[in-house]
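Protein chains in written order, with my numbering: chain A, 9 to 319; chain B, 174 to 459.
Zero decoy hints are in this set.
Derived pair list, reagent style DSSO-like, types lysine-lysine, alpha-carbon separation capped at 27 Å:
| # | chain 1 | residue 1 | chain 2 | residue 2 |
| --- | --- | --- | --- | --- |
| 1 | A | Lys149 | A | Lys81 |
| 2 | B | Lys270 | A | Lys310 |
| 3 | A | Lys318 | B | Lys257 |
| 4 | B | Lys415 | A | Lys240 |
| 5 | A | Lys244 | B | Lys414 |
| 6 | A | Lys310 | B | Lys257 |
| 7 | B | Lys414 | A | Lys240 |
| 8 | A | Lys66 | B | Lys414 |
| 9 | A | Lys240 | B | Lys270 |
| 10 | A | Lys318 | B | Lys235 |
| 11 | B | Lys270 | A | Lys318 |
| 12 | A | Lys81 | A | Lys108 |
| 13 | B | Lys205 | B | Lys235 |
FYI, nobody ran anything at the bench for these hints, they're computed from the structure.
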Amino acid sequence: MSQAVYKRTDKRADEHAYKRTGERADEHAYKRTDERAYEHANKRTDARAYKHVYERVKLARDSKRPTGLDYIKNIFNGFIEFHGDRRYADDPAVAGGIAKLGNVPVTVIAIEKGHTAKERTYRNFGMPKPEGYRKALRLMKQAEKFGRPVICFVDTSGAYCGIGAEERGQGQAIAENLSEMSTLCVPIISILIGEGGSGGALALAAADRVWMLQNAVYSVISPEGCASILWKDSSKADAAAASLKLTAEDGKSLGVIERILSEDDIGTKEFYDRIRTLLTEELKELSRDVELTQNRYDRFRKLGAAAVIKE
Amino acid sequence: MALLNFLKPKNKLEEGGRTSAPVQRDSGEPEKKCPNCHREIPLSRLWANDLVCPCGYHFRMKARQRIQMITDRGSFRELYSNMKAENPLNFPGYDRKIETVRAASSEKEAVVCGTGMVGGQKCCLFVMEPYFMMGSMGSVVGEKITALFEYAVQYRLPVIGFTVSGGARMQEGLLSLMQMAKTSAAVKRHSDAGLLYIAVLTDPTTGGVTASFAMEADIILAEPGATVGFAGARVIEQTTKKVLPKGFQTAEFVLEHGFIDSIIPRLNQKKYLAELLKMHSGRAMV
Chain A
9 MSQAVYKRTD
19 KRADEHAYKR
29 TGERADEHAY
39 KRTDERAYEH
49 ANKRTDARAY
59 KHVYERVKLA
69 RDSKRPTGLD
79 YIKNIFNGFI
89 EFHGDRRYAD
99 DPAVAGGIAK
109 LGNVPVTVIA
119 IEKGHTAKER
129 TYRNFGMPKP
139 EGYRKALRLM
149 KQAEKFGRPV
159 ICFVDTSGAY
169 CGIGAEERGQ
179 GQAIAENLSE
189 MSTLCVPIIS
199 ILIGEGGSGG
209 ALALAAADRV
219 WMLQNAVYSV
229 ISPEGCASIL
239 WKDSSKADAA
249 AASLKLTAED
259 GKSLGVIERI
269 LSEDDIGTKE
279 FYDRIRTLLT
289 EELKELSRDV
299 ELTQNRYDRF
309 RKLGAAAVIK
319 E
Chain B
174 MALLNFLKPK
184 NKLEEGGRTS
194 APVQRDSGEP
204 EKKCPNCHRE
214 IPLSRLWAND
224 LVCPCGYHFR
234 MKARQRIQMI
244 TDRGSFRELY
254 SNMKAENPLN
264 FPGYDRKIET
274 VRAASSEKEA
284 VVCGTGMVGG
294 QKCCLFVMEP
304 YFMMGSMGSV
314 VGEKITALFE
324 YAVQYRLPVI
334 GFTVSGGARM
344 QEGLLSLMQM
354 AKTSAAVKRH
364 SDAGLLYIAV
374 LTDPTTGGVT
384 ASFAMEADII
394 LAEPGATVGF
404 AGARVIEQTT
414 KKVLPKGFQT
424 AEFVLEHGFI
434 DSIIPRLNQK
444 KYLAELLKMH
454 SGRAMV
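So here's chain A without its partners, still in its complex pose:
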C-alpha cells in the first residue's frame, strides 16, 4: 500500500518538475499572504510585534509553501532518489539522492512535508523518525566518499515523537548526525525553507553555511510548547514566539545563519534560479576552502560563547 502511495507521489513530483514552472509556481506564490508577511516583517519594531512574529510562524507552516522536493526538482537537474537507511526502514519524511547543480553532481537531502492531505500523511507531516536521520547520514557519508557537496533542505516541526521512534533511538540518531557532520570532508549547505524545529532540524543543519527563507523560522522549541511549559498556557504562543527570537533576521543577528533568502517571488522560476546561482557560487568558494572542517568547527564553536560572562 505504501509502495502505491509512493509511486503516485513520485509521479506527481515528476510531472511537477517537467511542466514549465508557470502555473504550478503561481499556485505556490503567495498571492496576498506574501505582501502581508512583508508588512509584518517591516513592522516588527511595532508595539504589536508579538502578533506579527506569530503570524510568520503560521506562514512558515503554511501547507501552500513549496516543500523540499519542489526545491530539489526545480533547482537541480536529473534528481535520482535513493531510499532506506540500511538498518531498519525507509522514512518517507526524508527524501534524498543525487542530482546535478548545473554540471556538478551533488547529494541532496530534504525533509519533505507534502502538499495534499494524503501526501502529508504519507510523509508523516515532515517529522522524521530515526531511520530518516540515518538515511540522511548514509547519503552524506556516500557524498563524502565520492567527493560530492551536500545540500539539505530543512522543513520540520521537529523529530517525530512516538513510541517506535524512541525505541529506535531518536536521540542517538540525531546525536550521530551532529557528530559525523562536524567532520564530513565535503561542503554542506543547509537551507531552512519552512519550519526549523529544534534538534530534528539541526540534525540536517550542522553545516558550513545555513540559509533561511525570509519567512522560515528556526527555534529550539515550538512557541506553543514554550508557552505551555513556561506559562502553562499555550494560547500565549504569540508572546513566546516573539521571545524565542526565531525569525530569519534574529537568526542572522545571532550568527546562527549566514543568509536570508527573499521570498518576494517564492515558487517562481526566478526564485529557484536565484537559489541555484547562490548555491553554485557558494559551493565554488567552499570547495576551495582547505580548512573546511576546521572552519565548520569554529563556526559552531563561537555560537553562544558571547553569552557567557567570565568573572
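Here the structure of chain A is known, so what remains is to put chain B in place on it, guided by the hints.
Here is chain B on its own, set in the frame of chain A:
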C-alpha cells in the same frame, strides 16, 4: 485476577523493595519518603548510602556530592568555575529565574567541570546539576563542556560525564540549540584523538542532551530506573494518543533496545569507572 494487579511490583526496583529489611529509625530524625517503596527513610541513612534507598531507588544527587562520591579524596580541581550566563535574548523573566536558582542551588550554572582522580586514574569530569533548572543546556553548559573536551584533547585525558538534563534551555532560544552541534563537534574531536569518553546517564537525561553528548560516548552507562529518552513522555502520549508501555524511556528500556552498554548502581560506580579507566590507560598491543 486483573483486580489484584496493583499488588504486583510495577518494576524491578519494587520487586526488591517489598522484601528488604525494615528500616531502623531514631525518633525525631528528618526523613525522606521514597517514591518507590513509600517508606520514610532517615536522611542520615540515605546520605551514608549515597542517596540510594535500601529498596534500590536512586534519589537525585547534587553535582558536588556526586563528584565527592566518584573522585579520590581531595583530587578534584574545578575548571571554568568563573563562567555564568547572561540573558542573551532578553527573554522575559529569565534574569530573575536564574538569580533565584543560583541562590537556591549555590551553583553558577547547570554543570560542574574539572579534573580529578578516579581510583588513582586521572581524568576530566563533568557532572550536571539537577537542582539548577533541571540541568538544562544553555550557552554556558555548552561552552563549559566544549572547553572541557578541548582541554582533555590537549592533555590527552579521558572524560567521564554524568548527565542530568531536561534538554536545551528554551530561554536561550537558538543559542542553546546550537550548543548541541558545538558539544557534538568537540566530543567527535576528542574521539578522533583516540581518547576515551564514558557517559553515565542519570535521572533524567532527555531532549537536546540525549540528542548530543549523552549518546556520543564510547561507553554509555546509566543509573537504575533513570529516565532516558528524547521526547517527553507526556508529549508522546498526547501526540500519539496511545498508552505508553510500562517502563517506557527508562534506563532498562534503552538497555533492552541496545542504546546503552550497562546499568550500574550508584554504589558500584566508582569501582566500575576506575576499572574501565585502567583498562584504557595502557597502550594497545602492537
